[in-house]
Amino acid sequence: MRHIISVLMENEPGALSRVVGLFSQRNFNIESLTVAPTEDSTLSRLTVTTIGSDRVIEQITKQLNKLIDVVKVVDLTEGDHVERELMMIKLKASGQMRAEIKRTADIFRGQIIDVTPTTYTVQLTGASDKLDAFIDTLGTAHIMEVVRTGVSGLSRGEKVLSL
Amino acid sequence: MEQLSGGEMVIRALRDEGVKHIYGYPGGALLHIYDALFQQDDVQHVLVRHEQAATHMADAYARATGKAGVALVTSGPGATNAVTGIATAYMDSIPMVVITGQVMSTLIGEDAFQETDMIGVSRPVVKHSFSVQNPEEIPSIIKKAFHIAESGRPGPVVVDVPKDMTNPTDRFNYEYPKNIKLRSYNPVSRGHSGQIKKAIDMVLDAKRLVIYSGGGVILGDASQELTELAQLLNAPVTNTLMGLGGYPGTDRQFIGMLGMHGSYEANMAMHHADLILAVGARFDDRVTNGVDKFCPTAKIIHVDIDPASISKTIKADVPIVGPAKHVLSEMVSLVKNSKKQPEKGAIDAWWKQIDEWRTRHGGRYLTDDSEKMKPQQVIEMLSKVTGGDAYICSDVGQHQMFAAQYYKFNKPNRWINSGGLGTMGFGLPAAMGVKMNFPDEEVVCVTGEGSIQMNIQELSTISQYNIPLKVICLNNQSLGMVRQWQDMNYESRHSHSYMESLPDFIKLVEAYGHVGMKVDKYEDLEAAMTKAFAMKDRMVFMDITVDPFEHVYPMQVPRGSMRDMWLSKTERT
Numbered sequence: 012m013r014h015i016i017s018v019l020m021e022n023e024p025g026a027l028s029r030v031v032g033l034f035s036q037r038n039f040n041i042e043s044l045t046v047a048p049t050e051d052s053t054l055s056r057l058t059v060t061t062i063g064s065d066r067v068i069e070q071i072t073k074q075l076n077k078l079i080d081v082v083k084v085v086d087l088t089e090g091d092h093v094e095r096e097l098m099m100i101k102l103k104a105s106g107q108m109r110a111e112i113k114r115t116a117d118i119f120r121g122q123i124i125d126v127t128p129t130t131y132t133v134q135l136t137g138a139s140d141k142l143d144a145f146i147d148t149l150g151t152a153h154i155m156e157v158v159r160t161g162v163s164g165l166s167r168g169e170k171v172l173s174l
Numbered sequence: 005m006e007q008l009s010g011g012e013m014v015i016r017a018l019r020d021e022g023v024k025h026i027y028g029y030p031g032g033a034l035l036h037i038y039d040a041l042f043q044q045d046d047v048q049h050v051l052v053r054h055e056q057a058a059t060h061m062a063d064a065y066a067r068a069t070g071k072a073g074v075a076l077v078t079s080g081p082g083a084t085n086a087v088t089g090i091a092t093a094y095m096d097s098i099p100m101v102v103i104t105g106q107v108m109s110t111l112i113g114e115d116a117f118q119e120t121d122m123i124g125v126s127r128p129v130v131k132h133s134f135s136v137q138n139p140e141e142i143p144s145i146i147k148k149a150f151h152i153a154e155s156g157r158p159g160p161v162v163v164d165v166p167k168d169m170t171n172p173t174d175r176f177n178y179e180y181p182k183n184i185k186l187r188s189y190n191p192v193s194r195g196h197s198g199q200i201k202k203a204i205d206m207v208l209d210a211k212r213l214v215i216y217s218g219g220g221v222i223l224g225d226a227s228q229e230l231t232e233l234a235q236l237l238n239a240p241v242t243n244t245l246m247g248l249g250g251y252p253g254t255d256r257q258f259i260g261m262l263g264m265h266g267s268y269e270a271n272m273a274m275h276h277a278d279l280i281l282a283v284g285a286r287f288d289d290r291v292t293n294g295v296d297k298f299c300p301t302a303k304i305i306h307v308d309i310d311p312a313s314i315s316k317t318i319k320a321d322v323p324i325v326g327p328a329k330h331v332l333s334e335m336v337s338l339v340k341n342s343k344k345q346p347e348k349g350a351i352d353a354w355w356k357q358i359d360e361w362r363t364r365h366g367g368r369y370l371t372d373d374s375e376k377m378k379p380q381q382v383i384e385m386l387s388k389v390t391g392g393d394a395y396i397c398s399d400v401g402q403h404q405m406f407a408a409q410y411y412k413f414n415k416p417n418r419w420i421n422s423g424g425l426g427t428m429g430f431g432l433p434a435a436m437g438v439k440m441n442f443p444d445e446e447v448v449c450v451t452g453e454g455s456i457q458m459n460i461q462e463l464s465t466i467s468q469y470n471i472p473l474k475v476i477c478l479n480n481q482s483l484g485m486v487r488q489w490q491d492m493n494y495e496s497r498h499s500h501s502y503m504e505s506l507p508d509f510i511k512l513v514e515a516y517g518h519v520g521m522k523v524d525k526y527e528d529l530e531a532a533m534t535k536a537f538a539m540k541d542r543m544v545f546m547d548i549t550v551d552p553f554e555h556v557y558p559m560q561v562p563r564g565s566m567r568d569m570w571l572s573k574t575e576r577t
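So the sequence lines, in the order shown, correspond to chains A and B. Using the working numbering, count along the first sequence one by one with no gaps and you end on 174. Using the working numbering, count along the second sequence one by one with no gaps and you end on 577.
Hints listed in this document are in silico derivations from the structure and should not be mistaken for laboratory results.
List of simulated lysine-lysine pairs, BS3-like, C-alpha gap at most 30 Å:
#: 1; chain 1: A; residue 1: K83; chain 2: B; residue 2: K71
#: 2; chain 1: A; residue 1: K83; chain 2: B; residue 2: K201
#: 3; chain 1: A; residue 1: K73; chain 2: B; residue 2: K201
#: 4; chain 1: A; residue 1: K73; chain 2: B; residue 2: K297
#: 5; chain 1: B; residue 1: K319; chain 2: A; residue 2: K83
#: 6; chain 1: B; residue 1: K329; chain 2: B; residue 2: K412
#: 7; chain 1: B; residue 1: K201; chain 2: B; residue 2: K319
Residues of chain A placed beyond 10 Å of chain B at every Cβ, according to the derived structure:
#: 8; residue: R13
#: 9; residue: M155
#: 10; residue: R167
#: 11; residue: K170
#: 12; residue: V171
Coverage of chain B stretches by chain A, computed from C-beta distances (three or more under 8 Å per stretch; other residues unrestricted):
#: 13; stretch: 119-130
#: 14; stretch: 311-318
Glycine is no exception: its CB is placed at the ideal position from the N, C-alpha and C atoms.
Okay, chain A solo, but in the shape it has when bound (with noise of 0.2 Å):
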């Protein structure tokens, strides 16, 4: 199952490849990472999702809070929680494709943010199921280029991982 792990840790050198090293050390998996600063620059904040049986993702949770820079770690797929990715998304738009491609970028409430005569660039946010569901719509004959930043994500309500 996919789980969304969110790391709060030291804004250190070497923090972030301690993360990633114990993810091939152990042989976890990583879908998406995505790493920053936060509003104290002291701490960055660090969300991985990773796919594993409860069991795997027990020893995620666990060898992750064992690093000595990490404050703390939450598993947002336990409760109610809001997820967000970006893309961006460089398409080849001539002809009949340029008013398809505007059509179909207001349907998923994108936006152009570079135009040329040949080609559109779409910024898309949403859960990753639907930034993989608007490429499926255009089509992969179209796409020049696509990057992502992988999921950020915060549980909903009172809830936070702070200090």
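Starting from the known structure of chain A, arrange chain B on it as the hints suggest.
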């Protein structure tokens, strides 16, 4: 406030941490630190002949004392040579601080001479690591390194020091911090009392309880509490390879080591138990055998300081995260104050069954049909001659298993071996590290002709510092454990398990200035060994010819249950 250079701060911080000995080897990146070392007398440096030996010496010191050992190695090859020793300590949760030199910070990443990314190379085998970015951080980094290495589940910590951080002309205020607090690291100091109570309720109801204790009891200084609890409950105790000495080896309630080469009675008792109280043990694959067949009728209480060890391979019914010493002493007082007591009839029946198993096998081996000495006989003699009271530092292989099975450890911290990583070459430097710190105790390296050659250069260090340890080399002219597996699983195709062209060990040790003794016959063994141990001020190397065809038994049948064992070359459960 005192002004010190970075190099001086490294040595001063070690002094202020209470370090007496460090083990190391100099090199370009460490020259400033070695110069600071030269100009003081508080911290004594031991010059090894290979950096791996420095880490094993520091590691063994930690195993014998519970305090972090310290190794000092240079950048590049010095650091990579230390990696095996760091990994050895990591796998057995041994506190150690390894200071590695690094090229100047301005050269990092430029493939400079003797540059290795030691933080990267060592990352999977350290508890934590630090890279010094500013000389003023050195005292606090060293304080943190010791704190992290020694607390919680212990482990090795690497401190990487670029050469320009130790420059003698750059001087800074020096103050060694008394305490250190890390917001992201707070190891537990006590177990959950509700869980402990729940566990004791189950323990008092159990009819077939086994206490299974590991290295965590030794590291956590909890063998007294373990012994008290076991004796209050009249419960059988089995120790892992790392846990030997955690419960007195000659006591009636001790049923031996468990696992792949565990005793018949320990493995049978585990298989038939209705409750297992695991303390400071991690259900390693060399213990559980096939996990799907592991102890089918038992509930499991698992006490460990590391939550990640609990339910990693075997699901615990009652997990208790906490230091063994605290949890066990809580358990002792709960049992003492409980109205409920274990059911006597059930306990007696359980012991009757265990004693039957003990009679059936009980650590027997065959001595009749061969003139060759049996390795087991040598270990039994060693146990007799040293009164079961020596520090036994083992290498890795058949001799290690024989030592674990036949030396009766009555005290913790005296059985020093590489259990998790299985590092051949560990034994000799380990014995050096222990003997230097316990000069009045008997310290023995039990080894084989294969393992000893992996760090044999240390015979030179032993001469330099006059370390009068004893080496018991069980010479079977083959890599015995490899050969045993080849006998059992590869129709005796002995692919590269012979040790051809062995040196004359007697001449070799004499060349380094030590005493060599060769023993070929069992009838000569006791006299020779007594003579060797009477030479208090000399290193004596006993090259003992043993039966090359001997196997270690019992041996669990791969992927079977705990009770599926070979008991001899022809006999299976």
